[in-house]
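Asks: Below, each chain spelled out in residue letters.
Protein chains: 4
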Amino acid sequence: MSLQPIDPDFEKRVRESFSRQGFMDFIGAEITEIGPGYCEIQVPYKRELSQQHGFFHAGIIGTLADNSGGYAAFTLMPTDASILTVEYKLNLIAPGDGELLIGRGQVIKAGSTLTICRPEVFVVKNGTQTLCATALMTLIALSGKPDKPK
Amino acid sequence: MSLQPIDPDFEKRVRESFSRQGFMDFIGAEITEIGPGYCEIQVPYKRELSQQHGFFHAGIIGTLADNSGGYAAFTLMPTDASILTVEYKLNLIAPGDGELLIGRGQVIKAGSTLTICRPEVFVVKNGTQTLCATALMTLIALSGKPDKPK
Amino acid sequence: MSLQPIDPDFEKRVRESFSRQGFMDFIGAEITEIGPGYCEIQVPYKRELSQQHGFFHAGIIGTLADNSGGYAAFTLMPTDASILTVEYKLNLIAPGDGELLIGRGQVIKAGSTLTICRPEVFVVKNGTQTLCATALMTLIALSGKPDKPK
Amino acid sequence: MSLQPIDPDFEKRVRESFSRQGFMDFIGAEITEIGPGYCEIQVPYKRELSQQHGFFHAGIIGTLADNSGGYAAFTLMPTDASILTVEYKLNLIAPGDGELLIGRGQVIKAGSTLTICRPEVFVVKNGTQTLCATALMTLIALSGKPDKPK
Numbered sequence: 083m084s085l086q087p088i089d090p091d092f093e094k095r096v097r098e099s100f101s102r103q104g105f106m107d108f109i110g111a112e113i114t115e116i117g118p119g120y121c122e123i124q125v126p127y128k129r130e131l132s133q134q135h136g137f138f139h140a141g142i143i144g145t146l147a148d149n150s151g152g153y154a155a156f157t158l159m160p161t162d163a164s165i166l167t168v169e170y171k172l173n174l175i176a177p178g179d180g181e182l183l184i185g186r187g188q189v190i191k192a193g194s195t196l197t198i199c200r201p202e203v204f205v206v207k208n209g210t211q212t213l214c215a216t217a218l219m220t221l222i223a224l225s226g227k228p229d230k231p232k
Numbered sequence: 083m084s085l086q087p088i089d090p091d092f093e094k095r096v097r098e099s100f101s102r103q104g105f106m107d108f109i110g111a112e113i114t115e116i117g118p119g120y121c122e123i124q125v126p127y128k129r130e131l132s133q134q135h136g137f138f139h140a141g142i143i144g145t146l147a148d149n150s151g152g153y154a155a156f157t158l159m160p161t162d163a164s165i166l167t168v169e170y171k172l173n174l175i176a177p178g179d180g181e182l183l184i185g186r187g188q189v190i191k192a193g194s195t196l197t198i199c200r201p202e203v204f205v206v207k208n209g210t211q212t213l214c215a216t217a218l219m220t221l222i223a224l225s226g227k228p229d230k231p232k
Numbered sequence: 083m084s085l086q087p088i089d090p091d092f093e094k095r096v097r098e099s100f101s102r103q104g105f106m107d108f109i110g111a112e113i114t115e116i117g118p119g120y121c122e123i124q125v126p127y128k129r130e131l132s133q134q135h136g137f138f139h140a141g142i143i144g145t146l147a148d149n150s151g152g153y154a155a156f157t158l159m160p161t162d163a164s165i166l167t168v169e170y171k172l173n174l175i176a177p178g179d180g181e182l183l184i185g186r187g188q189v190i191k192a193g194s195t196l197t198i199c200r201p202e203v204f205v206v207k208n209g210t211q212t213l214c215a216t217a218l219m220t221l222i223a224l225s226g227k228p229d230k231p232k
Numbered sequence: 083m084s085l086q087p088i089d090p091d092f093e094k095r096v097r098e099s100f101s102r103q104g105f106m107d108f109i110g111a112e113i114t115e116i117g118p119g120y121c122e123i124q125v126p127y128k129r130e131l132s133q134q135h136g137f138f139h140a141g142i143i144g145t146l147a148d149n150s151g152g153y154a155a156f157t158l159m160p161t162d163a164s165i166l167t168v169e170y171k172l173n174l175i176a177p178g179d180g181e182l183l184i185g186r187g188q189v190i191k192a193g194s195t196l197t198i199c200r201p202e203v204f205v206v207k208n209g210t211q212t213l214c215a216t217a218l219m220t221l222i223a224l225s226g227k228p229d230k231p232k
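Protein chains in written order, with my numbering: chain S, 83 to 232; chain F, 83 to 232; chain V, 83 to 232; chain X, 83 to 232.
Rather than coming from a laboratory, the hints here were simulated on the basis of the structure.
Some clues are possibly wrong.
You can't tell identical chains apart in this list, so a pair holds if it fits in one copy or across any two.
Claimed, not checked - Heads up, simulated BS3-like pairs for lysine-lysine below, C-alpha to C-alpha not over 25 angstroms straight-line:
| no. | residue 1 | residue 2 |
| --- | --- | --- |
| 1 | K227 | K191 |
| 2 | K230 | K207 |
| 3 | K191 | K94 |
| 4 | K94 | K227 |
All figures in this text were calculated on a predicted structure; none of them were measured in a lab.
With these hints in hand, go ahead and build the complete structure from the sequences.
Replies: Below you can see the structure in the form of structure tokens.
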């Protein structure tokens, strides 16, 4: 499938929106790659992100799945549109045991209203990546509602 | 459906596990109610939990759904078992626009291996509660693996 | 939540659409109740609907979840709109062991574009109903595209 | 991921189980390919499988997703185990408009208890395949309960 961005400056638009998410700064997340229909977000481990056994909390894993999928979809939006997550389903496949979490959002179907993504989350331990979670999500474009500061 | 806890001290067990989740302390989450097959978790708003429009980030909404559902299931576990989220599906229904977020996890089917929960997340604005997200989740009990500090 | 149908003749509209679904006739399904934001569909057991142990096939269970949810949403549509299932998630809770399967679709959030339903499927054995499956689904209204024969 | 079947006769075991599903015969479904962690099922179009616009009914699309995923998982089971669908989530991506429907189930994570599959359903029209639906599903192995006729 060809995923052609309408807005050539999609990367700037994605990074600007991401920078306004206080939660991303709070958890230490950064965008590490952006392409048409694709977005990668990384979060290094810190104790504040842990569940009861000291691993990455499932809430952080879900956050990376949702956000990498959302910004993957946002790369394909026109400049006057914002995007909302309608729903997602996430399978947790391995514990979030490692020093780094990587969310990779990939658009698998881009429509004018609805976009379908397949985000995956990997955990890196001693340099080895393990698939930690896989998701399937639906997003909706809101035309005429640019994703801008109020 | 009767949801009979095997462990009469389930509340203590849930609170002790919750207190070991660094992420809950980090976001300011507290358990506000526990019952057999039920758990409620609240998070007051702060700027650090926001998405790009200043509302609660979907990652926090998903975290409350997952965690309230997980601890709802954990209330029904025997003392020598821990519980893992297998998967969940979350529909975001209204923006997380408010001063408080409430996750309510409810077990709808308790099995010896698998438990099904239906978590809901509400946002409170000026005292009025709005359904913000609804979920459907599957958990698995790990027998002989108590949820204890290592 | 108030679920106010725009079209007072919603029941007729639902039944007419249902009657054009060849698959419903083929499996022996009938609508047994319709209300605003609600639809119930029943299928009596026959050997042709079975899986390998002789119970109702999961495909039939999923079909009833999807179709009862879809028509529940359709009751609330204007006359010039059709409705499409965007996605659904289904938990199979008990085997489809019985003489009758009942799908009950209930709208939990009706929007102008998206509608969220929570279908449940019950199996009846010797007159006793058991919850067989529960689902969470998203539908989208297609305005200006009436659900009519071509 | 290596998907190593424990039972070298997995194909025979899958076909034998499939042949006992009355519903597969009723809708005209056939297994067209089996491999370790993989199963493909096809259904030619007939009027009896249609929804209100004459396309393949979503219930048939869901059935193929569920069944191809289920038998993909079953290829990896030991001979004394059966397998149950715990849950699945399905996104309908394109209308089922065509002469043939193909379900392709692929295991993406095989565990001793839980297996995760990613089934896809394609519709073929005038020889061209279109992705019609994509799913994410969880299955559970029941050890000591062979999938045999009673």
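Asks: The structure should be examined with respect to each hint, and the outcome stated for every one.
Replies: Now for the hints, and whether the structure bears them out:
1. Proximity of K227 and K191 under a CA criterion of 25 angstroms is satisfied in both settings, with 22 angstroms inside one chain copy and 22 angstroms between copies.
2. In this homomeric assembly, K230 and K207 come within 25 angstroms of each other (Cα to Cα) only across copies, at 23 angstroms, whereas the closest approach inside a single copy is 37 angstroms.
3. In this homomeric assembly, K191 and K94 come within 25 angstroms of each other (Cα to Cα) only inside a single copy, at 23 angstroms, whereas the closest approach across copies is 35 angstroms.
4. In this homomeric assembly, K94 and K227 come within 25 angstroms of each other (Cα to Cα) only inside a single copy, at 18 angstroms, whereas the closest approach across copies is 37 angstroms.
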